[in-house]
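Trainee: What follows is each chain in one-letter form.
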Amino acid sequence: MPSTETILNVGLTHYLALSAVIFSFGMIAVLMRKNVIVMLMGVELMLNAVNLSFIAFAKESGNLSGHIMVFFVMTIAAAEAGVGLALAVAIYKKFHEVNIRFFEHLRG
Amino acid sequence: MLWDAIGFYGMALFLIFFALKTITVPNPIHAALYLVLTMIGLAGMFFNLGAHFIAGVQMIVYAGAVMVLFVMVLMLFDLKAEIRSFSRGLLSGALKIMSSALLVGFALGSAGSSVAILDSSDTAPTQIDVTRQLGVLLYTKYLFAFEVLGILLLVVAVGVVAVSRMKGGTHAQH
Amino acid sequence: MNHAILILTLLIAPLLGFAFNGLRFRSHNAYLAGSVATAASFISFLCSLALFFQLKDLPPEARHLTSRFFDWIVVGDLRVPFGFTVDQISAIMILIITGVGSLIHLFSIGYMSHDERPSKYFAYLNLFLFNMLVLVLGDNLLITFVGWEGVGLCSYLLIGFWFSDPAKAAAGMKAFVTNRIGDAGFLIGMFILFFTYGTLTYSDLLQLIPQVVESTWTGPLTLAFLFLFIGATGKSAQIPLYVWLPDAMAGPTPVSALIHAATMVTAGVYLFVRLSPALIFAPHAMEVIAWTGAATALVAATIGITQWDIKKILAYSTVSQLGYMFLAVGVGAFGAAQFHLMTHAFFKALMFLGSGSVIHAMHEEQDVRKMGGLRKYLPITHFTFVLGWLAIIGIPPFAGFFSKDEILWQAFSSPHGSKALWFVGALTAACTAFYMTRLMALTFWGKSRFGKDVHPHESPPSMTIPLMVLGLLSVIGGWVGIPHVLGAVLPGHPSNLFEGWLKPVIGHVAHHEPNVIMEWALMGVSVSLAGLGAWFAYHNYLVQPNLPKAVAAKLGPVYRAVANKYYVDEFYDRFLINPLIATSKAIWLYIDVNVIDKVTYFAGDLVSGLASFAKTVQNGKTQSYALYMALGVAIIMTFVMWRG
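Going down the list, the sequences are from chains A, B and C.
The opening position of the first sequence corresponds to residue 7 in our numbering, with each subsequent residue numbered one higher.
The opening position of the second sequence corresponds to residue 139 in our numbering, with each subsequent residue numbered one higher.
The opening position of the third sequence corresponds to residue 124 in our numbering, with each subsequent residue numbered one higher.
Isolated chain A (complex conformation):
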């Protein structure tokens, strides 16, 4: 059991723990939700969790490269969200539903 001081003295570990929890939520959404758009939200959650750990590391090491990474990750996340949503639109046009099972044609 961690000491009271460890609990009260908020540092890198706390941020990383929070980041890991949010990441796992995002991962569970990607793995288990049926709605493609909610799966995309899960991806966003995972990316944000990683961003949080980047910023925490940057703060602790005093190196601003972490901020730059976050900046790039955000850009790519936006692009990815755009593509994912476009695909969702394409599926919706066809089936009027955005269930992941419409992507289940990967079996040979």
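Think of the hints as simulated: they come from the structure by calculation, not from any bench.
One should not assume that every hint holds.
[To be verified] The calculated lysine to aspartate or glutamate pairs, modelled on EDC-like cross-linking and capped at a C-alpha distance of 16 Å, are: (1) C/291 - C/306; (2) A/40 - A/103; (3) A/99 - B/285; (4) C/708 - C/720; (5) A/100 - B/216.
Given chain A, work out where chains B and C should sit, using these hints.
Mentor: Okay, now just chains B and C, sitting in the frame of chain A:
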């Protein structure tokens, strides 16, 4: 220090609650709204960590632009709350939760064991400096990556239009 | 031009033609397909001519142009270069193949114009040409064998060209299987030669073979030649494997002309002429070849007398003439064999094309009993056919006379020959005259016997031009090989150009002093026998049309035996094919089903069982795949943590 801790824990609890709600509510619109709250919470975290500029960008790009896009698409589809919002399969569901938990456990474990090495400095520059240095870094050391990202965004913009305009694609029925 | 380039062009032109027509095999454009194929063949002919003239400019002993492109097979002692040689023998062969081949290609354009699959036909024809050229140009036995198999394949494809008719498809199969038996012999012969002399290249082989006459039956040379002769009996339709050739007439008629008269079936003769410098040291093999050839000639000729199908008559005639060639090979008259091969290519191709023209005009009617009197409907075909007829029965100065007379004289006078062989040959000549005259009488002369609704018409120029060219060749083609006794009395004393041309590359047997009077006498006998046969047939079938029936009735059992081709097919069926089928069936039902199938099924079930277990992983669900990724990461992280 106590107030710091109270602030962090309060914010963290909210974040975890919103994130959990995001992935569990059956209605996608509600999920999106909870996600917006999560994003805002994260922006607060960034602010707390001294990354003011990033926090602003988080608010504008994520909580603003990206989430508006999500909500717009959801509105467009006119989706109702789903009766079965999770994938089927008890075994695979258990496996999924297990592997996620395993990963979180490892992440927590490794973070805990590395605190001693990293949890030291408090030499962060003042906030104006951070943003200025960020700008300098972006346009000097990371200039190439920055430009490439610009091109990527252009390609993605064109691709998104193409994908959403196509009729059926590989699922074409006629 | 460099001879390597010429040889390459010669070979590649038909191959390109094959590729062109083969790739657009669904096309129905007979004119385009035919023009391309004919052009390819004609380009080859031009190359052959160029090579011939290059060869002619060289001194007689140095007349060979060899190009070795690369080493094809190098294994231990076996070294097979991918090489081609043009010498006196192959020069004649390629001229015949591409020259007659071009004419037949041209003829085919008209003949196949109404067919459903002309592109396929011309593709096969070009492929045949390529393989035949490989066969005669190969500078070692293995390359020759490649061509040998290739022409067999094309022959099969073209005999069964109208494969929707089961009988025709079966004929193709019969040709293929019969040839396989011969090819096994060819292979064994090749093995023996390689085993004994360590090489398969013709020039090395002819140098390495000891210049000693082999007097035993089991010497390597004799054995090798006997096995090679088995191969030749398959390809060149000799007893006992000749049965496929008459059936091969199921193919389109130009194919019969090209493959089953002029070129492919002479491959065996070519092979023995090519190896003749060694063959003369294996007298026993020569004896077998001579008697087989003579017997084939006579048997086929007698069967030809009783046939009613115009193409079957010509087919038996071809078998008979091939028998003559082997008779010549067997008595050591290799020049005469090659000479007869050439003249036969001319007049037999002419007659096959002529029969094609007749069949075309009669709307696919092949029974001579339903023809007659076609002379006035098909004047050009008739005229050229007469030229071929005179050539084959050996009337001077037509081509067949010189070559056939040469063979008969050599059969009589050569140390390997005998009076008996000559007698069989002369008898065959009489039979030949009889059945060819019968064919002429039934088809072209006399009264017409076809129905009122048939209106025969002369063929288009693309079909008659080849006939005229071949007709001309059937007349003058023999003038290059005028025998000495005849040349001595003719103005200008023409010498035997053909014999002189081949002299450096063929084997020679020691000759007695030629007996001029005897040669004249035999020449007279053979011509008068031919005349007698022709007159007899003319008398029987035109003057007294009822006589043949009376004769047939009188000779009841004999006639039936001959008309049923001596029951050879039935004999093979009864004693070879049916027992083989019964044995195979037994093996299938007991060994295959009970042992082999069970083993293979078990192996298959084992694999598919294992696979169906592994298959569940690949369920096609995106989220499952994401799970595998997450699990993989978790496992890797566990490992890393474990190791510390």
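Trainee: Taking the hints in turn, state whether each one holds.
Mentor: Hints, verified against the model:
1. C/291 - C/306: Distance ~22 Å between residue 291 of chain C and residue 306 of chain C Cα, so the pair is violated.
2. A/40 - A/103: The hint holds at about 11 Å.
3. A/99 - B/285: violated (34 Å)
4. C/708 - C/720: Holds: residue 708 of chain C and residue 720 of chain C sit about 15 Å apart, inside 16 Å.
5. A/100 - B/216: holds (15 Å)
Going down the numbered hints, you'll see the structure goes against 1, 3, while the others check out.
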